[in-house]
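Working from the sequences, and respecting the hints, build out all of it.
Keeping their order, the protein sequence lines are chains H and P.
Residue 186 in my numbering sits at position 186 of the first sequence, with consecutive numbering throughout.
Residue 91 in my numbering sits at position 91 of the second sequence, with consecutive numbering throughout.
For the record, the hints were derived by calculation from the structure and aren't laboratory data.
Listed below are several chain H residues computed to face chain P (Cβ distance under 7 Å; list not exhaustive):
id	residue
1	L2
2	M3
3	E43
4	S71
5	I93
6	A121
7	S123
8	P198
Built from N, CA and C at the ideal position, the CB exists for glycine as well.
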Amino acid sequence: MLMPRVIPVLLFRKGGLYKTTRFKNPVYVGDPINAVRIFNEKEVDELVFVDITATPERRGPNFDYIREVASECFMPLCYGGGVRSLEDVKAVISCGVEKVAINSLAVENPDFIREAASEFASSTIVVSVDVKRDFFGRYHVYSHGGTRKAAWHPVEFVMLMEKMGAGEILLTSVDRDGTKAGYDIELIRSVSEAVGIPVIACGGAGCVADFSQALEARASAVAAGSMFVFHGRHRAVLINFPSQEELKGAFFNRA
Amino acid sequence: MITIIDYKTGNLASIANMLKKIGCPSVITSSAEEIDRANKLILPGVGAFDTGMRNLIALGLLEVLNRKVLEDRVPILGICLGMQLFVGESEEGELPGLGWIEGSVVKFKPELSEKKLKVPHMSWNHTALRKESRLFDEMYDEPRFYFVHSFHVQLNREEDILAETGYGYWFTSALERSNIGGVQFHPEKSHKFGMKLLKNFAEKY
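So, in C-alpha cells, the structure goes:
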C-alpha cells in the first residue's frame with residue numbers, strides 16, 4: 001500500500017512565513033522555524049520551502065537560513081528561490097537539503113536543468129512550473145513569481161524538462177493559489193499524462209477530498225499551502241495537517 | 001561516537017543532524033587515519049555506483065574499510081548507495097563493489113509490476129521484517145521510511161535479508177550480517193521511525 005506524498009509548501013519572505021493568494025497579497029502566518037517544527041511533529045511526508053522574494057530582489061538563496069531550517073527537518077526538504085547556478089545548487093544541498101526547485105532559470109535556460117541533473121542526479125532537481133490561464137482559458141507558463149509570461153504551454157514545457165533530466169515537476173496553478181477552491185484538474189491531468197516523472201499538484205487544495213481528485217487526475221503527489229496554515233472560514237492561522245488515518249481513508253476508498 | 005564516511009557523494013548534514021537530535025556525537029571525515037580509529041561507521045551516499053567506488057578508491061579508503069569491517073568487525077551501517085556498495089557488482093556500473101555481502105545491484109523493473117510504477121521509487125513506504133534485528137528493536141508500529149532510488153540490491157543468501165519492501169514486487173530494503181547492516185531508505189529523513197533505527201544503531205551495536 002503506497003501512500004501518495006502530501007506536501008506542505010511554505011513561503012518565506014522578509015524573515016517570516018507568508019501565504020499568498022494568486023501569488024499576491026502575502027499574509028503573515030508566523031515564524032518559519034516554528035512552523036517547520038510543527039510539521040515535523042506532525043510527520044509530514046516532505047516539505048517545500050520557497051524564498052519568494054529572492055528572484056524579485058535579484059539575490060541568491062540565504063544559505064544560513066536554509067541550514068537552520070534543514071537542521072529541523074527530519075523529512076525530505078525541497079528548497080526553491082533565487083537559485084542561479086550549479087554552485088547555488090551545490091551550496092543548497094550542502095545545507096542539508098534533498099531537492100532543489102528551479103523555476104525562473106528553467107524557463108530562461110532549459111539547458112541548465114540538463115547540467116544540474118547530470119551533476120546532482122535527477123532526483124535532486126525539481127522543476128517548479130507556475131501556470132496561469134488567460135482570458136480565453138489557454139494555459140501559459142509564468143516565471144519570476146508569476147510576473148513574467150513565458151513562451152511555453154505547460155505541456156510542451158514539462159516534456160522538455162523531463163527530456164532535460166528533471167526528476168519531478170511541482171505544478172502550481174497561480175489562479176488557484178490561496179483560494180482553497182480545489183485544484184485545476186484539467187491542468188493536472190494534461191501535464192501528468194504528458195510525462196513519466198512524478199508531478200506534484202499545487203494550488204487550490206482546500207480539503208482532503210481535493211487531494212483525491214488530483215491523484216485521480218494522475219498527479220503523483222499533492223501539495224498545499226493555505227489548507228495547512230489557515231483554519232476555518234475566517235482564515236485563522238493554525239498550522240495543521242491531516243492524520244495518516246484520515247489520508248488513508250481518503251486515498252484508498254476511492255477508485 | 002559514530003564516524004560518518006565522507007566520500008563526496010551527497011548529503012551528510014542530514015545524518016549528522018539527526019544523530020545530534022538523538023544525542024549521539026558524530027564526526028564526518030574522509031581521512032583513512034580517522035576511520036582507522038572509529039568504533040562505529042556509517043557509509044552514506046547518493047548517486048551512481050561507479051562514482052561511489054571510484055571516490056572510495058581515490059580517497060584511499062578501501063584498505064582501511066576492509067580491515068575495519070572484515071577483521072576488526074566494527075559495526076557499519078550503509079545507507080542508500082552506501083548499502084549498495086556492500087555487494088559485489090552493479091548493473092549500473094563496471095567497477096566491483098566492496099563484496100562484503102554476496103549479491104548484486106539491479107535496476108527496478110517497472111514492467112514486472114501490474115501498475116505502471118515510476119522509477120525512481122521516490123516515496124514513503126513500509127518495510128516487512130524478515131528476521132530479528134537490534135536495528136528494529138522497539139520500533140513503532142507500521143514503520144514507514146523515505147526511499148529515493150532507481151536500483152536495489154538482490155542478495156544471494158536469504159539469511160542476509162533483514163527487510164523487504166513492496167514496489168511492484170518485493171525487494172530487499174534492509175540487510176544485516178553480523179556487524180554489517182544496510183538500509184536502502186533514508187532513516188535520517190524518516191521522522192521518528194528513522195530516528196529509532198539510528199538510535200538503535202548508536203546504542204545497541
